[in-house]
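*Asks:* Work the whole structure out from these sequences, hints included.
Those protein sequences? They're chains A and B, same order as listed. With this note's numbering applied, the first sequence covers 1 to 343. With this note's numbering applied, the second sequence covers 1001 to 1407.
Hint data in this document are derived by calculation from the structure and do not stem from the laboratory. Careful, some of the hints might be misleading.
[To be verified] Derived lysine-lysine pairs resembling DSS-like cross-links, with alpha carbons at most 30 Å apart:
id : chain 1 : residue 1 : chain 2 : residue 2
1  : B       : Lys1047   : A       : Lys83
2  : B       : Lys1238   : A       : Lys119
3  : A       : Lys332    : B       : Lys1047
4  : A       : Lys329    : B       : Lys1286
5  : A       : Lys84     : B       : Lys1047
6  : A       : Lys106    : A       : Lys140
7  : B       : Lys1323   : B       : Lys1238
8  : A       : Lys140    : B       : Lys1286
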Amino acid sequence: MPAEEKKDVKGRDISRRQFFKEAGAVSAAVAAAASSSVVGPEEAEARTTFAEFFQKNYRLMTDEEKKEACDRLEQRHSEEYGKKVTVDGSPAMKDVLFGYALNIQKCIGCRSCVHACVKENNQSRHDAEIQWIRVIRMEKGNFNIEDMNKGYPNTPNEPFGTKIGGNAYKGAGVVLEGQHYYQPERVPEKDAFYFPVQCMQCENPPCVKVCPVKTTYRDPDGIVVIDYNWCIGCRMCMGACPYWARRFNWGDPNLPAEEMNPKTHYLGNRPRMRGVVEKCTFCLQRTRKGRYPACVEVCPVGARKFGNLLDPASEVRKVLERKKVFRLKADKNTYPKFFYFID
Amino acid sequence: MKSKIDFVLDFFSYALKGGVKYYTWLGILALFVIPWAYGSYQQLIAKGMVVTGFTDQISWALYEGSFVFLIGVAAAAVTVVFPYYVYNYKPLKNAVLIGEMLAVTAIIMVMVFIIYHMGRPDRSWHMIPIIGIFNWPDSLLTWDVVVLNGYLGLNLICAFYSMFKRYTGQPLNEKFYMTFVYISIVWAFSIHTVTAFMLSTMASRPMWFHSIMPIKFISTAFTGGPALIIVALLTVRKHTRLEIPDEAINMLSQIVVWCLGIALFLLLSEIVTELYPSTEESFQLKYALFGMFGLTKLVPWSWASFIMMIGSFVLLLIPRVRKNYTVLPIICVSLFIGIWVDKGYVLTVAGMIPSPLGEFSEYTPTWIEIFILAGNWAIGFMIFTILVKGAVGVMLGDVRHPSAAGK
Chain A
1 MPAEEKKDVK GRDISRRQFF KEAGAVSAAV AAAASSSVVG PEEAEARTTF AEFFQKNYRL
61 MTDEEKKEAC DRLEQRHSEE YGKKVTVDGS PAMKDVLFGY ALNIQKCIGC RSCVHACVKE
121 NNQSRHDAEI QWIRVIRMEK GNFNIEDMNK GYPNTPNEPF GTKIGGNAYK GAGVVLEGQH
181 YYQPERVPEK DAFYFPVQCM QCENPPCVKV CPVKTTYRDP DGIVVIDYNW CIGCRMCMGA
241 CPYWARRFNW GDPNLPAEEM NPKTHYLGNR PRMRGVVEKC TFCLQRTRKG RYPACVEVCP
301 VGARKFGNLL DPASEVRKVL ERKKVFRLKA DKNTYPKFFY FID
Chain B
1001 MKSKIDFVLD FFSYALKGGV KYYTWLGILA LFVIPWAYGS YQQLIAKGMV VTGFTDQISW
1061 ALYEGSFVFL IGVAAAAVTV VFPYYVYNYK PLKNAVLIGE MLAVTAIIMV MVFIIYHMGR
1121 PDRSWHMIPI IGIFNWPDSL LTWDVVVLNG YLGLNLICAF YSMFKRYTGQ PLNEKFYMTF
1181 VYISIVWAFS IHTVTAFMLS TMASRPMWFH SIMPIKFIST AFTGGPALII VALLTVRKHT
1241 RLEIPDEAIN MLSQIVVWCL GIALFLLLSE IVTELYPSTE ESFQLKYALF GMFGLTKLVP
1301 WSWASFIMMI GSFVLLLIPR VRKNYTVLPI ICVSLFIGIW VDKGYVLTVA GMIPSPLGEF
1361 SEYTPTWIEI FILAGNWAIG FMIFTILVKG AVGVMLGDVR HPSAAGK
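*Replies:* Here it is as C-alpha cells:
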C-alpha cells in the first residue's frame, strides 16, 4: 500500500506533536482551574501515586485491596477530570463466556465502531489517536481482457503460463492487498469491501504467554485483560499478537476532560498512563453489566453481534449455528472468540 | 574484608590513571554523554517513548537490536575461555581476563538498553519474584532475565575472584574456581540461545519464526565478539607491557573466520528457503533485501552488512591477511559493525515490517534515539576500557596488595 497514506493516523510529525502537546497542556490547565474547588489534580496525583506505585497485581489483590485500588483511582480521576468518575471492579460473571460475531457481508466501512470505541474507552484523542478497532479496506478483485499481457512473466523462458502481473495481479481479497487508512467521500465504495479487526480475545492467547509479569491475563469470562498499573511496557505482547490488536501509549495519553467517559472499569476503560499497553476488552465495563459493547450498539447496519457463548439463546450462538463462520488466522491456533460470518 | 576493599580501591585507582592518549580516548567517549543525558531526560522523564521513532507497527527497533547483539558479545567471552580451560591452549592465558571483562561490560550494557526499551522502567521491580510476579517458565523474557543475571554473576565471580587472588598473591582454589568456569562456559551458550528463542517463538513474525535463529545467533556472536577481543588484545599489546602472543590472536582470528563461514552459510540457507517459494512469510526478508512497494529504507543497511561480512570472510580466509596485524583490526572493526547492523538493526526492524496484518510502514530513528544509542555505546566502551586497564594492571602485578609484595 502507498507510503503517503500512513501519515494521517500516525501523525508523528514532531512540530505538530509539540503543538498539540502544548495545546493539551493549556486545556488541561483550564479544566483544572474549573475543578479546583477541592484539590488540584497534581496534588491529588502525588497523594495517590505512592500508594498506586506499590500496589499488587490486580489479580492477586484481595477483594478489599481491589476496592481500595478502585476507590483510589475514582478519587484521583474525579479530581483530575473535574467530574464524578466511577471505577468499577466487577469480576467476570458466572457461566459467561463472551463471544463476538461480525458480518463482513454487511459491514460498510463507515468506522462508526472505531469512533464509538474511542469515545467509550477513553483512548488518547490526539497526538497519535489510539484506536482499538481498525477497518481494513479490501479491494474487490477483477480481471480484464485488456490486462491480459501486462505485468511480467514469472518464467522468462516460456512466454506462456503463470504470470506475476497481468490479471492475476489484481487484488482478490487477501489482507496484504487491503489497507486501513482509506478516506473515501462516502461509504460503501463500489470497488471495496471491509474487514474490521480488533482484539480477538483468543482462548489460546500468545500475548498472555509471553508477558513476563502476568499483567495481561485471561479473565474467567474469556476476556484478555491488562492491569495497566502492573504493565512494565516491554511490548512482548505486541510482538506476539498475530492480529496487531495491541496499542502502546508512547507518550502521555491526551484525553480532554470534557471528552472523558466517567463510567470506567479497572481492567477496561479507565484512563491509561504513559508507557503501557492497551487493547479492546469487548467493553467489559458495559458487558459485565449486561450491556452491549459500544461498537455493537453503534453499528448502523447491524453487522456486529455479541453475546454469551455458553447461552444457546444468545445472538452469537445463533450466528454460529446458522451462518457460514470463520476465524482470522486460524492456522495460528489461537482460538479467537471473535468470529467473522457471511449470510 | 579489608583486603577486598583495598583491592577494589587499588583496582580502580590504577584503572583511572593513564597517559595523555588514555585520557583523550576516555574524553572523546565522555563527549557522547552530553547528548545522551539530554535524550535520556526527554525519554525517561519528560515525554516518554514518544520521542523515539517507534510506532505501534514497529514497536521494537534499535534498543532491542542493540541488546540482542550485545548479549552475543557477552556470550563471546567463551571463545577465549573455552580454548584456554578446556583445550589448555596456553597462549590465551592473558586474554581470558580481557574476555571476561568484555562479558561483564556487555551484560551491563544489555541491562542499560533494556531500561530504555521498557515503557515503564520504574516498574522493573514487578519482575522480581516474591515482591512481584515472575512469569517463569512461560515467558521467555523471564528466562532471559535469569540467564543474563546468572551470566553476569558468573563472570564477576570468575574474573574478580582470580584477580583478587593474584592481587593478594594467594593460590587459586582450583575446585571452586574451575566449577564456576565450566558453568560459565555452558551458560554462555544459554544466554544467546534464550535470546534467540525469545524472538524465534513469535509465530506472528515470520522473519524470526524459524529454528535457524539460535544457531545463527551463536555463530554471528562468535564472530563479532572475538573480533572485538582481537582489537582489544592488539591495543593492549601495543600500549602496555602485557604479553599477548601472536598465537592468541591467530587462534581468535581462526575462530572468527570459521564462525563467520557458518553464519554466512546459515544466511544463504535462510535466503534460499524463504525466497524460493516466495510465500507471504518471506515478505519481511524481501523487504530487508530489496524493499517492497517502494519502501527501501532497510535495503542499504542489509547490503552494507552483507558486503562487510562477505568481504571480511574472503579476506580472513587468506592466512597472510589474517596474520597482518595492521589490516586485521580494520577487518575486525568492520565485521563487528557489519554484524551489529545485521542482527541489531536489519533483523529486528525487518521482523516488524510488514506488520502481522500485512501493513508496510517504515522506521526512522529520531535524533534522541541516536543520542541515546551512541551514549550507551560510549559508556559501554568507557566501562570496558577501565575494566581492561585494571585487569592488565593486575596481570602485570602493578596492582598488588602490600602483603603480597615479593611473593
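*Asks:* Indicate, hint by hint, whether the structure satisfies it.
*Replies:* Status of each hint after checking the structure:
1. Simply put, lysine 1047/B and lysine 83/A have alpha-carbon atoms about 26 Å apart, close enough for the 30 Å limit, and the pair holds.
2. This hinted pair does not check out: lysine 1238/B and lysine 119/A have alpha carbons roughly 67 Å apart, beyond 30 Å.
3. The suggested pairing of lysine 332/A with lysine 1047/B is violated, with an alpha-carbon distance near 37 Å, which exceeds 30 Å.
4. For the hint pairing lysine 329/A with lysine 1286/B, the CA-to-CA distance comes to about 22 Å; that is within 30 Å, so the pair holds.
5. Note on lysine 84/A and lysine 1047/B: the hinted pairing holds, with a Cα-Cα distance of about 28 Å set against a maximum of 30 Å.
6. In summary, the hint linking lysine 106/A to lysine 140/A is supported, as the alpha carbons are separated by about 15 Å, within the 30 Å threshold.
7. Annotation: proposed proximity of lysine 1323/B to lysine 1238/B holds, straight-line Cα distance about 16 Å (limit 30 Å).
8. Between lysine 140/A and lysine 1286/B the CA atoms are separated by roughly 26 Å; this keeps the pair inside 30 Å, and the hint holds.
This entry does not satisfy hints 2, 3, going by the numbered hints stated previously.
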